[in-house]
Amino acid sequence: AQSVTQLDSQVPVFEEAPVELRCNYSSSVSVYLFWYVQYPNQGLQLLLKYLSGSTLVKSINGFEAEFNKSQTSFHLRKPSVHISDTAEYFCAVSFWGGYQKVTFGTGTKLQVIP
Amino acid sequence: GAVVSQHPSRVICKSGTSVKIECRSLDFQATTMFWYRQFPKQSLMLMATSNEGSKATYEQGVEKDKFLINHASLTLSTLTVTSAHPEDSSFYICSARYPVNLSGANVLTFGAGSRLTVL
Numbered sequence: 232a233q234s235v236t237q238l239d240s241q242v243p244v245f246e247e248a249p250v251e252l253r254c255n256y257s258s259s260v261s262v263y264l265f266w267y268v269q270y271p272n273q274g275l276q277l278l279l280k281y282l283s284g285s286t287l288v289k290s291i292n293g294f295e296a297e298f299n300k301s302q303t304s305f306h307l308r309k310p311s312v313h314i315s316d317t318a319e320y321f322c323a324v325s326f327w328g329g330y331q332k333v334t335f336g337t338g339t340k341l342q343v344i345p
Numbered sequence: 026g027a028v029v030s031q032h033p034s035r036v037i038c039k040s041g042t043s044v045k046i047e048c049r050s051l052d053f054q055a056t057t058m059f060w061y062r063q064f065p066k067q068s069l070m071l072m073a074t075s076n077e078g079s080k081a082t083y084e085q086g087v088e089k090d091k092f093l094i095n096h097a098s099l100t101l102s103t104l105t106v107t108s109a110h111p112e113d114s115s116f117y118i119c120s121a122r123y124p125v126n127l128s129g130a131n132v133l134t135f136g137a138g139s140r141l142t143v144l
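Order-wise, the sequence lines are chains A and B.
Under this note's numbering, the first residue of the first sequence carries the number 232, and numbering increases by one thereafter.
Under this note's numbering, the first residue of the second sequence carries the number 26, and numbering increases by one thereafter.
The following block holds chain A by itself, in its conformation from the complex (with noise of 0.2 Å):
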């Protein structure tokens, strides 16, 4: 079975401060990895994925992630928060090939301090 650890509940930030927030996942086959944002009372919002090729993969608002398959992470960085980040995120998986199920994690909260 596989399943996604997010450690941190919630991350506080100060405004322009770097933030990682960090993801794990535990899976016996190869995985497709994902990054969902969810603003206050709407549905979730895919931010950025992991599929194939290039390890390090970026959204266009200058989140980060990096897939390290030794490590079984998939943490996401953003060097400089602002206060639009403000938001919850939840990292997710799932399985290689045919029809799988998306398995999320408990999700972290950031808010990004004025």
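Since the hints were made in silico from the structure, they are not lab data.
Hints may be right or wrong, so weigh each one.
Calculated pairs, SDA-like style, for lysine to any residue (alpha carbon to alpha carbon, straight line, at most 20 Å) [said to hold, decoys possible]: (1) A:Lys340 x A:Val268; (2) B:Lys45 x A:Lys332; (3) B:Lys66 x A:Ala318; (4) A:Lys332 x A:Tyr281; (5) A:Lys340 x B:Ala137; (6) A:Lys332 x B:Arg62; (7) A:Lys332 x B:Thr57.
Based on the hints, put chain B in the right spot on chain A.
Relative to the frame of chain A, chain B by itself:
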């Protein structure tokens, strides 16, 4: 592309009544849609997988007679909460599988969610 519309965004109902939530894929066909429930400060719990033209597949512990799912077309799935009670109050989110490559990467596009409050 890959937009999912969910309606209504908020609904308040009396205990014992039924509520229907719609999930539509606006610019793509979705043979498979998923319904999630999210409790406050918690992650998403997959309730069921909705398959166009066939019965939904429910996760363990989810009452299929209480949460009726219908996927009548390639762009519409509905969730009906029957005989709703206050404990059914929650944030319900639908998503559709959006294929991004031939290997079938399961990228999900989500609706904006529906907040149900049962009085």
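Going down the list of hints, with the structure as the test:
1. A:Lys340 x A:Val268: Satisfied, since the Cα-Cα distance of roughly 10 Å is no more than 20 Å.
2. B:Lys45 x A:Lys332: 24 Å, violated
3. B:Lys66 x A:Ala318: Status holds; Cα separation ~12 Å.
4. A:Lys332 x A:Tyr281: It holds: about 16 Å lies between the C-alpha atoms, which stays within 20 Å.
5. A:Lys340 x B:Ala137: Judged against 20 Å, a Cα distance of about 18 Å means the pair holds.
6. A:Lys332 x B:Arg62: 15 Å, holds
7. A:Lys332 x B:Thr57: Measuring from Cα to Cα gives roughly 11 Å; hence the hint holds.
Hint 2 from the earlier list is the only one contradicted by this structure; the remaining hints agree with it.
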